[in-house]
Amino acid sequence: MPDMIKVSNMTKDYGEGKGIFDFDFSVKQGECFGIVGTNGSGKTTTLRHLMGFLKPDSGSCSVMGLDCLKDTKEIMKNVGYVPGEIDFPDVGSGTSFLKIQAEFLGVKDKEYIKKLADMFGLDTDAPLKRMSKGMKQKTALVAAFMAHPKVLLLDEPSTGLDPLMRDTLIELILSEKAHGATILMSSHIFKELDDTADRVLFIENGIQKDIVTKSELCDELPSLYRLGFKSDDDYDSFIRKTHLSVEHESRGNLHIDIAADSSQLGILFGEMSRYDMRYMKFKPFTLERYYTEVFEKGGRKSA
Amino acid sequence: MLSLPLLKQSIKSNSVMWGSMTGVMTLLCVQFSMLDMTRSMLFTIFYGMMTTILPGIYVLVTSNKLLASQVDRGSMAYVLATPTKRTTVTFTQAFYLVNSLIAMFGILTLAHLACNAAKPITLGELGFMGLQGDLTSKMIMQVNLSALMVCIALAAVCFMFSGIFSSTKYSIGLSGTFIGVSILANMLAMFGNLGVEGLDKFKYLTVCTFYDYNSVLTGGNEWITKMIFPAAIALVAFGLGELVFKKKDLPL
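For the protein sequence lines, the chains are A and B, in the order given.
If you read the first sequence in numbering that gives the first Met the number 0, its first letter stands for residue 0, the second for the next number, and so on.
If you read the second sequence in numbering that gives the first Met the number 0, its first letter stands for residue 0, the second for the next number, and so on.
Treat the hints with care, as some may be off.
[What the hints assert, rightly or not] Simulated crosslink set (DSBU-like; lysine-lysine; CA at most 30 Å straight-line):
{"hint": "1", "chain 1": "B", "residue 1": "84", "chain 2": "A", "residue 2": "107"}
{"hint": "2", "chain 1": "B", "residue 1": "137", "chain 2": "A", "residue 2": "149"}
{"hint": "3", "chain 1": "B", "residue 1": "247", "chain 2": "A", "residue 2": "113"}
{"hint": "4", "chain 1": "A", "residue 1": "128", "chain 2": "A", "residue 2": "98"}
{"hint": "5", "chain 1": "A", "residue 1": "213", "chain 2": "A", "residue 2": "240"}
{"hint": "6", "chain 1": "A", "residue 1": "176", "chain 2": "A", "residue 2": "72"}
{"hint": "7", "chain 1": "A", "residue 1": "113", "chain 2": "A", "residue 2": "128"}
{"hint": "8", "chain 1": "A", "residue 1": "17", "chain 2": "A", "residue 2": "54"}
{"hint": "9", "chain 1": "A", "residue 1": "282", "chain 2": "A", "residue 2": "240"}
{"hint": "10", "chain 1": "A", "residue 1": "72", "chain 2": "B", "residue 2": "202"}
{"hint": "11", "chain 1": "A", "residue 1": "149", "chain 2": "B", "residue 2": "247"}
{"hint": "12", "chain 1": "B", "residue 1": "84", "chain 2": "A", "residue 2": "109"}
[As the list claims (entries may be wrong)] Computed Cβ-Cβ distance ranges for the label pairs, DEER-style:
{"hint": "13", "chain 1": "A", "residue 1": "12", "chain 2": "B", "residue 2": "242", "range": "23 to 31 Å"}
{"hint": "14", "chain 1": "A", "residue 1": "132", "chain 2": "B", "residue 2": "86", "range": "41 to 49 Å"}
{"hint": "15", "chain 1": "A", "residue 1": "54", "chain 2": "B", "residue 2": "231", "range": "56 to 64 Å"}
None of these hints come from the bench; they were simulated from the model.
The beta-carbon is built from N, C-alpha and C at its ideal position, and this holds for glycine as well.
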């Protein structure tokens, strides 16, 4: 698979430690690539470079093998963009905005625009200025997806959406991905990246920390199991004798969290069979836990 | 070079401002040329001040809206996220700005021609005591052309600031100062012409000096040569605005 998006040693220094420094990654065709980071860590700046809005101080970036600064027009024929800050041109209603946008992009299929709007339960006739945050976001999403772009650059696409609509968005992203679209999205909601992204880039204060592959998350890293005991004795005895690592103890609730990878499952069940258990719960190893582990506790060394 | 959807969008989002300024200016012209009380002041007040003040306000607000405000608010992202080059954006917006002024003065000229045909006036009545004959249709068109050229220069300078700055604050601030100084200096210079000692020096402070209805009414050719300067200013300013807008970082 060729690289659809390539960022090479790209630096943009805004001074006072702000900006992005020496970013270097690429996204393959048909891949969904997530960017995670705290506010102000450089997610939006990265996307703006890919859109050709900003000029890097050094390094370069390209989309579909075309330089983001020089061949912006060519690139834009194949890109759908949801900006981080949403504000629309002063053209009245959502319908007329989408109509003009379709003209810009040369989109003939008006039915699909309507389908997208219906999917999000969006009333496009509402005046743009009166729209709620969620409605604006939906309008922006319709505008970005309506041309079936080959590359989607989404800057926190689920901002302002309710949980149901967030699921709709995830479905939409997955269906575009199934049709071969390359997706790069930034987010600080881990769930949507858990559901969509193949790889996730972690950034912190403009520094690229780590790129995590989803399969790596699922297989290599241990999963968390929460075990609840019936008596204090069982609880104490388990903690004393176990060969597994106890991540978290809670005497009041009589439960503990055990971290075990797939090879340790036998040991876990063997140990459990000796006690009176109230329950066992599986807590999937999510990006969120990874994030907490790696960045807040500094558990894993940064790449 | 020209993006039709963007042109449509610009017409749509600026129609109210354009419509009201054109309406007010045309109505004032009709009033000044038809009512006996005001007819004599058609040139000193209407063509002397209104034809620069009203379009001045229009270009100040509109040129800011065409670039800087859209960058500031972020809505420019939707235009540039389509296969539309930045140069196409500036060209289209400048095209809109110039042509909206042409349309504005076109309507004004037509209205004045109609009024003048219905109720002709002699140059003497207009305050030009030494001149013989009526105000002709040709003169009306020439005066408007001269005013239009100066307004295009005003528009170009505002457009330049709009292209240079990504923040409305600076774009409106500098454009406003420029328009304000231009119009104010023009008015002071006019008082200088009417006999107030020393004030005529203000004519060196403003582009409006190149708008010369006296030369038209006296049948001279000076107004034509004077159009070269605002035309040159307009070309340079539009060019600079476009150049900076093409190169700069856009926070979209």
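Quiz item: Which numbered hints are broken by the structure, listed smallest first?
Solution: The structure breaks hints 2, 3, 5, 10, 14, 15; every other hint is satisfied.
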